[in-house]
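Peer 1: Those protein sequence lines, which keep their order, are chains A and E.
Going by this note's numbering, the first residue of the first sequence is number 1, and it counts up by one from there.
Going by this note's numbering, the first residue of the second sequence is number 1, and it counts up by one from there.
The reader is advised that the hints may include incorrect statements.
[To be verified] DEER-style ranges, computed between Cβ atoms: (1) A:Gly25 x E:Ala200: 53 to 59 Å; (2) E:Thr197 x A:Ala66: 25 to 31 Å; (3) E:Arg42 x A:His6: 45 to 51 Å; (4) E:Glu51 x A:Leu59: 29 to 35 Å; (5) A:Val34 x E:His164: 32 to 38 Å; (6) E:Arg122 x A:Ala46: 24 to 30 Å; (7) E:Asp127 x A:Asp21: 36 to 42 Å; (8) E:Ala54 x A:Asp21: 42 to 48 Å; (9) A:Ala46 x E:Asn52: 24 to 30 Å; (10) A:Leu59 x E:Thr197: 28 to 34 Å; (11) A:Leu95 x E:Asn52: 44 to 50 Å; (12) E:Gly32 x A:Arg94: 43 to 49 Å.
[As the list claims (entries may be wrong)] Facing chain A, from chain E, some residues (calculated, C-beta under 10 Å): (13) Asp151; (14) Phe187; (15) Leu212.
I should point out that these hints are in silico values taken from the structure, not numbers from a laboratory.
All C-beta atoms in this analysis are idealised placements derived from N, C-alpha and C, irrespective of residue type, glycine included.
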Amino acid sequence: MTAACHELEVALSLRAVGALDAAEGARLDAHLAVCPACRAEAARTAELLDLARLPPPTLDEHRALADLSVRVAAGLKPEVVPLHAPPSVRTVRRLAAGLLVAAGIAAVAIAPAVVRRQRPPAAAGEAGAAVTAPAAEGESQDAWQEPDLDTLWRDAAVVSLDADDGGGGTGG
Amino acid sequence: MTPGFQMADEGDSGRPALRVVTGGASGSQGPGPVSRDRADERDLQAFLSGENAAFGALVRRHEPLVLSLVRRYTRTTEDARDLAQRTFLRAFEAVRRSRTWRLHEEVPFRRWLVRVAVNLARNHLRDETRWTRAPLEALGSTGATDPVAADALERAERQARVRHAVLDLPRRQREVLTLRIDAELPFAEIAAALGVTENAAKVSFHHAVRRLRELVGEEDRP
């Protein structure tokens with residue numbers, strides 16, 4: 001196999017399926033005219049692909065598809081196209097997980113908030129900030145860290161804390 | 001002047017440029033790809049607006065394409081019909097989602113069909129026992145003394161081996177090969193459907209041919 005043969009290998013395969021443009025076809029034809037090895041290769045490729053091809057669809061196959069449009073229409077969901085993206089399964093799962101987490105954390109969040117209502121005003125104001133901060137030394141009784149409510153809101157999408165509890169504001 | 005193209009320059013007579021675009025490599029799809037995509041878009045919008053008849057037009061227009069893509073992977077006509085039905089349903093759902101999310105790139109319906117058909121066929125192949133579409137038993141396995149019958153039997157056996165080998169090709173090679181020889185798609189369209197360059201699709205096709213030859217036990221050229 002010469003260098004020219006090697007260069008035209010891809011073209012030989014494409015020729016068998018009629019995928020060469022005029023210029024490429026002319027170049028390959030000129031080579032085939034002087035290279036019996038490539039002519040034999042072209043013939044083998046053509047035969048191989050001919051064997052690989054399926055026969056045309058039968059009458060039975062056409063008959064089986066006669067009512068395809070009716071079947072497809074019957075399988076389509078009738079709902080109107082929503083304005084917003086419909087939630088995917090993954091989104092629904094995330095929402096459910098977020099709700100569970102939020103429910104658990106909210107239960108823990110409400111109790112300290114009630115307790116903080118009874119504390120001096122300065123301490124309650126600090127607790128209203130929606131930031132996560134390590135417990136300061138000397139405040140061992142406040143080792144619990146307030147959750148990031150922005151994260152909860154985003155993940156759960158429906159969580160809302162009663163503002164009267166003083167547990168911090170929520171988005172919106 | 002390039003055959004099939006006519007172009008009038010602006011300014012020659014004040015008229016806007018006129019360009020006639022030839023159709024795709026395969027003429028089996030009727031009108032050219034541009035007018036076909038426009039018809040698809042029109043019917044899709046009509047269906048999304050509630051005109052059910054428009055979807056029937058979409059299905060009938062692309063039925064031959066979808067059948068050509070899935071029938072290699074199915075045992076019976078009923079399986080082919082079911083796979084075709086699922087292809088249309090999934091493609092429609094994909095289009096509806098993409099339009100709902102207002103993606104900037106609006107993929108032509110036909111390209112969704114090809115993508116979905118390729119994926120469903122791949123899954124079907126994975127789930128089903130491999131088989132051949134050339135039932136050798138129909139030709140009889142008893143020794144044929146007639147030379148013509150013997151040749152026919154030999155060809156049928158070789159055909160079965162080759163078609164079986166197509167299903168054993170690496171995924172990308174199989175997809176490119178079958179999109180070309182089954183659906184007769186232009187390589188530009190194959191590339192768009194598979195998300196590769198046209199050159200990559202052509203090289204994959206060549207590799208598929210070589211690999212196919214190895215799988216059926218033919219020697220590669222020296």
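Peer 1: Any of the earlier hints contradicted here, and which numbers?
Peer 2: Of the numbered hints given earlier, those the structure breaks are 1, 2, 8, 9, 10, 11 and 13, listed in rising order.
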